[in-house]
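One letter stands for each residue in the lines below.
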Amino acid sequence: MSTPTKDPLPQTFLPLPAATLHILMAVAEGDRHGYAIIQDVEVRTGGELKLSAGTLYRSIQRMLEQGLLVETRERPAPELDDERRRYYRITPLGAAVAKAEATRLAKLVRWARGMGFAPAKA
Amino acid sequence: MRFYRALLHLYPASFRAEYSQQMCAVFAERQTSWLAASWDVLRNAPAVHWDILRQDLRYTARTLGRARGFTAVAILVLALGIGANTAVFSVTDYVLIRPLPFPSADRLVKVWENLPGYREMELSPADYRDWKKLNTVFDDMAAVATGSVNLVGEGTPERIEAASVTGNLFAVLGVKPLLGRPIISADDQPGAPLTAVISYALWQKAFGGDPGVLGRKVNLDGTSYVVIGIMPAQFGFPDQRVELWMPFQFTESAYSDRNNNYLEGVARLRPGVSLPQARANLTLVAGQLRRQFPKELENTGATVNALHDELSDQSRLLILALSGAALCVLLIACTNLANLLLARALSRHKELAVRTALGAGRERLVRQLVTESMVLSLLGGVLGVFLAYLALPILTRLVPSLPVPGVPSIDLRVLCFGGIVTALTGIGFGTLPALRVSRDSDFKGLREGSRAGTGRKSSLRSALILIEVTLSMVLLISAGLLLRALISIQSVDPGFRTDGVLTLQTALPLPKYDLVAKRTAFYRQVLSQVHALPGVSDAAYISFLPMTMGGGIWPVDIDGKTLDRAVGHSASLRFITPGFFSTLQIPLRAGRNMNESDAQDRPQVAVVSDSFARRYLPGESPLGHHFKFAYYDRTIVGVVGDVRVRGLERSSEPQVYLPYQQVPDGYFPFYIPKDLAIRTSGNPGQLLPAVWRIVRNADPEQPISNVRTLAEIVQTNTAPRSVQVRIIVAFAALALLLAGIGIHGLLSFSVSNRSSEIAVRVALGAQPRDILRIVLQQSLVLAAAGVLLGLTLAYAAGQAMRALLVGVTPGDPATFLIAAALCLLMTAAGSLAPSLRAIRVDPITALRAD
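Residue numbers (our numbering), protein chains in the order written: chain A, 153 to 274; chain B, 63 to 912.
Please keep in mind that the hints were generated in silico from the structure rather than gathered at the bench.
Note that the coordinates shown come from a computational prediction; the quantities given were computed from them, not determined experimentally.
Note that beta-carbon positions come from the ideal geometry of N, C-alpha and C, so glycine has one too.
Cβ-to-Cβ under 8 angstroms is the rule here; a few derived chain A residues that face chain B:
no.	residue
1	186
2	204
3	205
4	206
5	209
6	213
7	238
Bound-form chain B, shown alone (with noise of 0.2 angstroms):
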C-alpha cells in the first residue's frame, strides 16, 4: 500500500487530495497487482496532468483576453529580453563557442614569436624551419602567409586574396577537397611544377563551376599554374577572405634572415600534449636559438595559442560586454514582469479567494498563474526570436574575420538557447508572485476587499524596483563609458584629411612588373591621366594606406648606433610617389617634399614624421642625419606630421617614408606601391569608371580592387565599435524605461492603496506638500539604494572591459554623474503620475469608498 501511495504522487495535488483515499480504497479491495496497479498509474497520471494543463490554457485565454493592454506590454518586454539575449548568443555561438570546422579542431594551435612590445609576430622562414625540427610536441607544424595575386584570363582581370601554404598545411588541417587533390609536400619542393587549389567560391565564379578546370592553366600575377583541387564551400584559410592557396617554394636564400617575418605558423599538437605543455616546449626551443643566434633573435620568445582563441581581446571583449549588457536586459525584463505580475495578482486577489474558497488548493493556484506566465513569455519568445532575426544583420558587422562558413544565423543551436532562456524566464518571473500570492490566497482576499496583501508583498515589489534600478545603473554607466571611449577614438586627429579622397589597390604583379623602370612608366601614366580628369587635385601611390596594414616595420639604427628592435627602436617602412603628402594633407614641417628626381641612381632619401625626429634625434635638426634603415643607408631630407598607420585606437611606430623609385630591383615585393589615392574636389565615387579606363589603358590584364574612399577606411576601423556602442546605448534606454514604467507601477499602487491613510491625513489638516513628502520617500529611498548599488557594480564592470575604454578611465566622474542624473530624473518621471494622484485624493469620496 506504501508504495501504491508514492506512486499516487505521480497525479497532480490537487487530484490526490480530492481521490487519493479512495483509489487506495479500491486498489485495497480489488487487491490489484503492482505491476497492474503501476502500469494504471502510469497511463493516467499524464492525461490528469494535461487535463489540468488545457483547462488552465483555456483560462489562460481567457484572463489573457480580458487584459489586453497587460498582455501587450508583457509579451513585448519578454520579446526584448529574449530577443536581445538571442541576437546576441547567436554572434557569441559563432564567434566564441562553436567548434572550428576541422577534424579534432582543439588540438590545433597557432604559433607566434613574440618580442617586447609584440606579443605576437609572424615566424621567419628560417625559425619556423628550426621551431618544426626542433619541438617534441606537435605532430607536425605547418606556415601561412596571406596576399593576394591578379588572376588574369578568366573574364575582368580580378585581384583575389590567396594564400601561400607550406606543402603540409591541408595535412596538418585535416582537410580534404571536394575534387582534385589538396597541396602536398611534394609541391612545395623549389623546382616542382606550380600547383593552385581553388575555393568552391572561386571555382564557381571565376570558372563556372566546371570540374575540367582540374589540370588546367591560370595566370596567377602573370605566372603559370595548375588547378590541381578544389576546396568544399565552407573552407577558408587562415580566414573566409581566402580563394586561393598556392605552395611556398622556399630557396635557401629564404632562410637567411631571421628578421624577415612573414609567416603564420599553424600546428597540431600531438595526442595527450597540452597548451600550457606546448608553450614551455617551445620557449625551450625559442631559448635555444637565441643563444645560437644571439643578435638576430635578441629578446625573440614564442607564443601558442589554440586556434579557436585566435581572436583579439578587444573582438572578444566587445562580443563579452554585448552578452553581459543583454543578460542585464533580460534580467530588468524579468523583474519588471514579475512586479506587473504580482500587482496583477493582486489586484485579482478576490478572484483567487473565490476559487480557494470553490475548493481549488494552492497548487492548483500556483499552477494557474505558472500556465499564464509560461503563455506569457512562450509568446514572448516566439516574438523575441523573430525580433534577434531582424537585428542580426546588424549584429554581424561584429564578427571578426575567422576560419568558420558563412555568417551568424538563427540556426538549431540558437533556437535552443532562445527556448530555454523562454523557460527560464517564464518560470523566473512567474514563480515567485505565483507562490507568493496563493500564500495568502484565503478568506481573508474576501474580508478585506481590494486592500488585502500590502504588507509583505510590497517589501517584494520594493527588492524588485531596487534590482531594477541597479541593473539599469550599471547598463546606463557602460554605456555612457563605452560612449565616451568611442566619441574620444573619433575625435583622435588620424594626421590626415579624409574628406574628398578615392583609394583603390592596383596590385601590380610580378615578375612582370620586377623592374623598377617598368613600374615607373606604369605609375606615371596612370598619375598623369588621374591628374587631368575634371576636380582632381592630387593623386599618389604607397605601399599600404593609413589603417590597412599594421605590419611593415623594420629596426632603426641611427648614426650608427646599432639599436635593439625589442626595445621599440623601430619604424614603419612605406614607399610612396611624389604628391602623396598632399594627396592626404599630411603637413611638411620641414625639409623637401620626395620629388621625381629621388630615382633609383640617385642617394637614399627619405622623409620622416615628426615622432621619428622626436624619438631618435630629440633636440636635433633631422634633416641631413644619415640612419640605416631596410638594409640602406638613408639620408633624411623632410620631416611631415604624424599619422595613425595602426588605427586610431594603437600608437602606432614612428614613420618613415621612401621614394617609390627606390624600391630596389628584386627586393622588398611587399612594399611595391599599390594604393592609388586620388583626392577631388567633387563626388569620389563617381571618379571611378574614368579611373578603370586609365588603368585599363596602362594595362588591360591590370585588376583594380578594394575600391573605397579614405574615410570608410578610416570609418571601417572604429565600424565594430560604434555598432557595439549603439546597441548597449539602446540596451540602456530600455533598461531606463522598463525601470521607470517598474517605478510608476510600485507607487500607482502603493497610492491606490493607501488612499484612505492619505484621506485621513488631508482630513487633519495635511498639505499637499505633505502628501508629495510621502509618496515620494518611497520612490527616492529605492532609487537612492539602486544608484549607490548600481554605482559599485558599474565600476566593477568598468574594470572588466578597461581594454576597451580608450581615453576614459573606468571611474569616468562625468558618466557617473550623468548616469546617477539620469535614473534619479527616471524616479522622478516614474513617480509623477501617482503623485498627482495622491495629491488629488479627496477626502470625502476616499473615506466613503472605504
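This is chain A alone, in the form it adopts within the complex (with noise of 0.2 angstroms):
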C-alpha cells in the first residue's frame, strides 16, 4: 500500500527469510506466477523446500509492499495463459537485496569453515 519513494539500503532487508530468497531466486530468470514459482523452488532445491500457497503468498505481500517484486502487467499467448494468474518481476531493488543476502550467507559460510564447521569447497 506504501510506495517508497527513495529505494532503501538493500543491507536494512537482510536477513531475508529463506523463503523470501527462494523466490527472489525464482523470479530472476523471468517473470513467474505463484504456482511456478512454488515448482522452481521444488525443482531448484531437489525437493527439499516445498513452499505452501499461505507462505508464499505471505511472502509475495511483503515484497510487493518492500518493493522486491512488482505485478507486471505483461501475459503469456492466451493460449498459455490461466487468466487467474498473476506474474510478478524482480525489481532492481530485489534484485541488490538478493545479491546482499548471497554475499552475506557466502561470508558467514567462509567464516564457519575456518572453523571446522562446514565441508571443504567442492
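Could you use the hints to bring the two separately framed chains together as a complex?
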C-alpha cells in the first residue's frame, strides 16, 4: 500500500527469510506466476523445500510492499495463460537485496569453514 | 475446495481479495491434503494479520505524530473518562462486589431485631439465646458486641477497639488464628479462665511480634486475660478497627432483661437455605417469642441481611451515584472523541480517497481507522489508570468500615476492568466514524475536495452532540441536587457551638472504677486542673458526645402512663458532669443546670431537651414533672435546647441528661462518662500535652484516645457526602467542558463547509444578524433538545437517589433552571468563535476559493 519513494539500502532487509530468497531466485530468471514459483523452488532444491500457498502469498504480499517485486501486466499468449494467474517480476532493488543476502551467506559459510564447521569447497 | 475457501476467511479481507483465487488454483493443482492446507492457513493467517497491524501501527504513529494537538486532547479526554471509571470501580469493587474474606461467605448473615422505626436493632442476650435455639435455618448463630478496653502494662497505656464474642463466633465465620487457638465454647462459660485473641496489628504494635505472647497474661481494663491466639493480618471483625477479641461469659442474670439490646447476631445459613427462607423462619421465631413475652417484645420482629449487604443504604447509594456519574463522563468522552475522529476523518477525506484509489479496500480503511482509535484509547487507558491511582486516596474516604482488609487499590481486578473499559472505548468511539467514513471513501473525495460528505455525517455528528448535552444535563442536575443537599445539611444547626472545643476519651476501666465515689474523684481532679489551664473557659464529661453514638435509647414512662417504645416513646440517655451545657453552649431554656449537689444519695433528677418537653408534656411546664426512665423515677429540673445526637442528616430522639453521680454502682457500665470536652479561647490542639499530663497525674494507667476537635466530629459526619459531592461536581464540570468543545467542533466544521453558501447570502445582501441566526439555529436547536431530554433523565436520576437528597426534592426547580442556564451558556460559549468566523466570511475570497 505504501509506495517507497526512494529505494532503501539493500542491507536494511537482511537477513532475509529463506522463502523470500528462494522466491527472488525463482523470479530472477524471468516473470513467474505463483504456482510456477513453487515448482521452481521445488526443482531447484531437489524437493527439499515445498512452499505452501500461504507462505508463498504472504511473502509475495510483503515483498510487493517492500518493493522487491512488482506485478507485471505482460502476459503470455492467451492459449498458455490462465486468467486467474498473476505474474511477478523482480525489481532492481529485489536483485540488489538477493545479491546482498547471498554475499552475507557466503561470508558466513567462509567463517564457519574457517572454524572447521563446514565441508571443504567442492 | 469449498472447505479451503472457507478456511481462507481467516485471512484479512484485503489479502483474500488479492490472492484467494490464486491460492485456490495452487491448492487445486498441487492437490494439497486438508490437514496440510489447514495447517498452512492457521500458520500464515495470524502472520498476515500481524503484518498489517504492524503497518497500521507505523502509519498511526506517523499520522498521530503529525496531529500532536489532536492526539494530546484525545488522549487526555480518554484518560479522564477511563481514569474516573477505574478509580470509582476500585471503590465499588472493594465495597460492593468483592466477596468477604471468609469461607462460603455467601452463607453468612447478620441478624437483628426490629421495631417500627428501627429496622436494625441489636439483640438482647435472652433473645439471642432463644433465636439460636428455636431457628431451623442456621448451622449456628453467634453474637458479638464491640467496645474498647484499656491495655495497660505494654508501654504507654492504650485504648484499643475490642469485641466481646460468643465462643462459637470464630467457628461460624470459619476463620483460624495465625498462631495459637481461637476462642471456643469452653471459653464463654461463666467461671472459665479469661482469654483473649489479638489482631496481627496489635501483636506487632504492642508485643513486637513476639510469639512468646501466647500464654502470657495481659491487663485489660484492670483485669488479667491470657492471650491464646493471634489472628492473621487480614482478619478484622465486625470491622478492621477491632484489635482484640474476648469471650462473653453470660450468667443467668444477663438473660433477665429482654430490652437490654447490645448484641449483633452473626449466623451461617445451612447449605441450601435461602435468605428469604431464613427471614421467614426468624419472623416465625420472633412471633412465637412475642406471644410468650407480650410486654417486653411488643412489635419486635427479626431482620436478616446477607453479611455482604450489611452496609447502610446511604453508603451504597453514594457509591452507586458515583459510578453512574463516572459512566456519564466516559460516555461523554467517547461521544466527544467519536465526533473529533469523525471531523478528522472527514478532513482526511482526500487522503482516504487517494488510498482507495490506490487499491485499499474498505476493510483496510476501517482497520486503519480502528487501529488509530485503539492506539489512542490504549494510551488514554494507561494514563487513565495512572490518574485513578493518584485519585484513589481521595475516594478511599468514601469507604465505610468493613470486615475487609486494606484499602481499595489498583489491583489485578481493577486493571482488568480498566483494560476492558479501554478496549470497549476504543471500539466504541472508533468503529462508528470509521464505518461511516469508509462507506463514502471513493473517488467522490477527489472530485469534491474539502466539502465532501456533509449531509448524513453532519446529522450523525448532531446526534452525538445531542447525547453529550443530554448527559451533561443529567450530571449537572445530579451534582446540583447533591450540592444543595450538602449545603442544606451543613447549614443544619447541630444545637451546639463547635468552635474552640477539644474532645478526647478517658474510658475508666471496671472493676477498678466500679464505684461512683472513685470515678467522681477522678473527674473532679481532671476537670478542676483542666479548668485552671490558660484559655480554658469550660470543661465537662459526658457518656457520648453528640454524633459519636447513635444508640443509648430508652423507653419513656411519663406520669405513670406506660408508653410503648415501639411507637417512638423513647429518648436518648446521657450522663454528664456539671458544666456540660456551657462547654457545648447548649442553651438552658428553663429551670436549672446540673450541679455537684445532684449526688448519689439525692433525689434522681434529669435535664431534658425542648423536644422531650414538647412531645411528652405538651402545653405544660415540664419542671417538676416525674417520669420513669432507665429503671428509676426521675424529676425534671431543667430544659435545654435540642441537639442532633444522631448527626445532621437524621432526626434524633429527644434527649435526657442525668447527673454523673447518679450512675448507680454496678449498673450502666456502658454509660459511664468517658468523653471529655474542653472549651478554650485558644487553639484546641495546643491543650493536648497539658491535658495528657493532668490525666496521667490522676491515674498513671489511664490512656487517652479519640483526640479530635468538636468541629472535626461534625465534619466527619458529612465527610463521605462532601467528598462525593466534590467528585460529582468535578465530573459535571468536565462534562460541560467536553460538551462545549463538542459544540465548538460541530459548528466550526459546519461553518467552514458552508462558507460559500454564507458568502452567496452576504453577496445577496444578508446582514450579520441573519448569518448569525443561520449558524446559531443549529446549535440552539441541539442544546434545547439536549436540555429537554436531560431534564427528564435527570428527574429520574434524582428519584433514584432520593435517599441522599436531604432537604431537596428531586425536581428542585432552582437546580433545574441553573443547570439549563449553564447548558445554554456552554452552548453560547461553544458557538462564539464559529459564529464570529461566519460573520467575517468575505464573499469575494470565499467564492474565489471555491
